[in-house]
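Once you have looked at the hints, place chain B on chain A.
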Amino acid sequence: MNAPATFKAIVTPASPRIMAERQPKIVARDVDVFYGDKHAIKKLSIDIPDRAVSAFIGPSGCGKSTFLRAINRMNDTIPSCRVAGNITVDGRDIYDRDIDVVQLRANVGMVFQKPNPFPKSIFENVAYGPRIHGLAGNKTDLEEIVVSSLKKAGLFEEVKDRLQHPGTGLSGGQQQRLCIARAIAVNPEVILMDEPCSALDPIATARIEELIDELRQNYCIVIVTHSMQQAARVSQLTAFFHLGTLVEFGDTDEVFTAPQEKRTQDYITGRFG
Amino acid sequence: MNTIFFVLLCLLVLATFMLGRQRAVSMRNGSALLHSLPNYHGMLLGISALLVGLFVFVALAAPFPVIAPWAALAAAAAAAYAFFTRIGPDFRARNVFERITLAILLACSGIAILTTIGIILSVLFETGRFFAEVSPLEFFTGFQWSPTGSPPVFGFIPLLAGTLLITFIAMCVAGPLGLLAAIYMAEYATPTVRAIFKPVLEMLTGIPTVVLGFFAALTVAPFLRTSGQFLGLQVSAESALAAGIVIGMLLIPVISSLSDDVINAVPQSMRDGSYAMGATKSETIKRVILPAALPGIVSAFILAISRALGETMIVVMAAGLAANLTANPLESVTTMTVQIAMLLVGDHEFDSAKTLAAFALGFVLFIFTLGLNFVALRLVQKYKEQYD
Chain A
1 MNAPATFKAI
11 VTPASPRIMA
21 ERQPKIVARD
31 VDVFYGDKHA
41 IKKLSIDIPD
51 RAVSAFIGPS
61 GCGKSTFLRA
71 INRMNDTIPS
81 CRVAGNITVD
91 GRDIYDRDID
101 VVQLRANVGM
111 VFQKPNPFPK
121 SIFENVAYGP
131 RIHGLAGNKT
141 DLEEIVVSSL
151 KKAGLFEEVK
161 DRLQHPGTGL
171 SGGQQQRLCI
181 ARAIAVNPEV
191 ILMDEPCSAL
201 DPIATARIEE
211 LIDELRQNYC
221 IVIVTHSMQQ
231 AARVSQLTAF
241 FHLGTLVEFG
251 DTDEVFTAPQ
261 EKRTQDYITG
271 RFG
Chain B
1001 MNTIFFVLLC
1011 LLVLATFMLG
1021 RQRAVSMRNG
1031 SALLHSLPNY
1041 HGMLLGISAL
1051 LVGLFVFVAL
1061 AAPFPVIAPW
1071 AALAAAAAAA
1081 YAFFTRIGPD
1091 FRARNVFERI
1101 TLAILLACSG
1111 IAILTTIGII
1121 LSVLFETGRF
1131 FAEVSPLEFF
1141 TGFQWSPTGS
1151 PPVFGFIPLL
1161 AGTLLITFIA
1171 MCVAGPLGLL
1181 AAIYMAEYAT
1191 PTVRAIFKPV
1201 LEMLTGIPTV
1211 VLGFFAALTV
1221 APFLRTSGQF
1231 LGLQVSAESA
1241 LAAGIVIGML
1251 LIPVISSLSD
1261 DVINAVPQSM
1271 RDGSYAMGAT
1281 KSETIKRVIL
1291 PAALPGIVSA
1301 FILAISRALG
1311 ETMIVVMAAG
1321 LAANLTANPL
1331 ESVTTMTVQI
1341 AMLLVGDHEF
1351 DSAKTLAAFA
1361 LGFVLFIFTL
1371 GLNFVALRLV
1381 QKYKEQYD
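Chains A and B supply the protein sequences, listed in that same order. Start counting the first sequence at 1; every next residue gets the next number (the numbering used here). Start counting the second sequence at 1001; every next residue gets the next number (the numbering used here).
This is chain A alone, in the form it adopts within the complex:
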């Protein structure tokens, strides 16, 4: 896999500056996604760096969530969905026959649009992943994982006295941080976030954005968002999708101040369509 040598030619219009310093974590080449007859993603290629936040923006139905779900094969759960092309994480083809989707998803976590804690206690929500993957040898280890995950998600102080209370009893913003804690409890390297703040109020959103900024020290984060302000605030790289294609991918400050493509310019200035 000689991805670093080829990505410059593929990413339009120019390679992001940030990529010059590091290896790409996720590399996609000529990816097509179909839902039945609908061609949702067309020949998409992109290199996503580690330890940075990459934001996907674009109008509804442009394929950004579809592509996000292709990265941890969540599209497999949709019977009519078909993926062609090549996506690698750390150089390994994730659609290869030998790849175990269970391990892939443990490595590539996901946070959804609507907070979806399980109807279990806060503790059990976070302990879910470590339990099914056998990460904790005993009860003390498990408690340690749960506490440290809640701390990383910035939720521990608020819930430390009620770990046995149901996760569904928390506020929307707390639930979403619980879902982030749940995702990082299995020690993933990549976290995919599908509009994680769209169901939250501005204060909870600010809290999650702060958290995303902290997490970027240790994870490769990809976030789909409808809010261009949010993309500008939290991300280092921004990809603009339109009609199933990647129009532009570059350093966030450049995409927002000096976009190379007219379509990007139109979208971010609100003159789209």
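Read the hints as simulated data drawn from the structure, not as lab findings. Hints may be right or wrong, so weigh each one.
SDA-like cross-link-like pairs, simulated, lysine to any residue; straight-line CA separation at most 20 Å [unchecked claim]:
id, chain 1, residue 1, chain 2, residue 2
1, A, 114, B, 1284
2, B, 1281, A, 171
3, B, 1281, A, 78
4, A, 120, B, 1381
5, B, 1281, A, 112
6, B, 1286, B, 1264
Keep in mind that this is a model prediction, so the values were computed, not measured.
Chain B only, in chain A's frame:
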């Protein structure tokens, strides 16, 4: 005479409807601004004629059978005429008609409630008469049941034991099979398979229990007997096991259909959340979906249990009538419902302790199923609050 009356009343209702409507239409054509549409004026006249006519007829039919029909028709016509004179721009026929409709709906639901209360009271009353003759202590603690013996002995324990034994066997069959079938249909089956399996499975509830009784007595019981002999076990011709298994079959669709519904009601976001953590399908089902659906599944089980408690025909045909106090499923036992049927068959005098015992049994059964239904309802309500 009465047939003619009903025909006449129908014609009168139709005529008053037409008249009322016609009058309203002609007023409107005369450029009067009516409050209600012409149809409402017509319907108000029609329904008032119908209700007043029926009421007067029912009230007078017994004391004055000859004049009742004519009086009823006259009253109906008078009622319609009273509203006819009021048709005008300010008359709110729609509001009056809607209030009458509301009263009719209320009366209909009232009848259902009154019937239930009536049944409870009559059973309660007869039960009281039974306990005046037989002491409750003997009834609830006696180990022998022979209502036709002399003197008759009314010990309820063998019936309770038989009922519980058969219910237990039925649930041992229906519980696992129904739940696993529900899991298959909700989580694994393709939409095509599900579209075929679910209705076919539900058809099983449509089979009359008498037919299932034949099946139990003629197919299952002999089969159990021969396999029992093969294993060196003594299986009686009519056994609790045969009845229990067939009732279990009957209950599979009850459990699978309700459980399938509650499993489907678990939001897709729960499944997505679990899959995104790297959980397999079976881990997701065991650790997320079943716990989330548990209250609904429990209430499905409770409904199935109350159905098993009340089942009569299959037990009559497959488990026998002997009130044995036994925990051995290979012997014949009897249940409360079967004994109720037996006590009342061919007997129309409700004054001996023998027939009154049926009411006492019925009352106990009623309390049992009422309690179970109550618990089931509470669980369903609790379940509804889960994701809000």
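Comparing the hints with the structure gives:
1. A/114 with B/1284: holds (19 Å)
2. B/1281 with A/171: Violated: residue 1281 of chain B and residue 171 of chain A sit about 29 Å apart, past 20 Å.
3. B/1281 with A/78: holds (14 Å)
4. A/120 with B/1381: holds (18 Å)
5. B/1281 with A/112: holds (19 Å)
6. B/1286 with B/1264: holds (15 Å)
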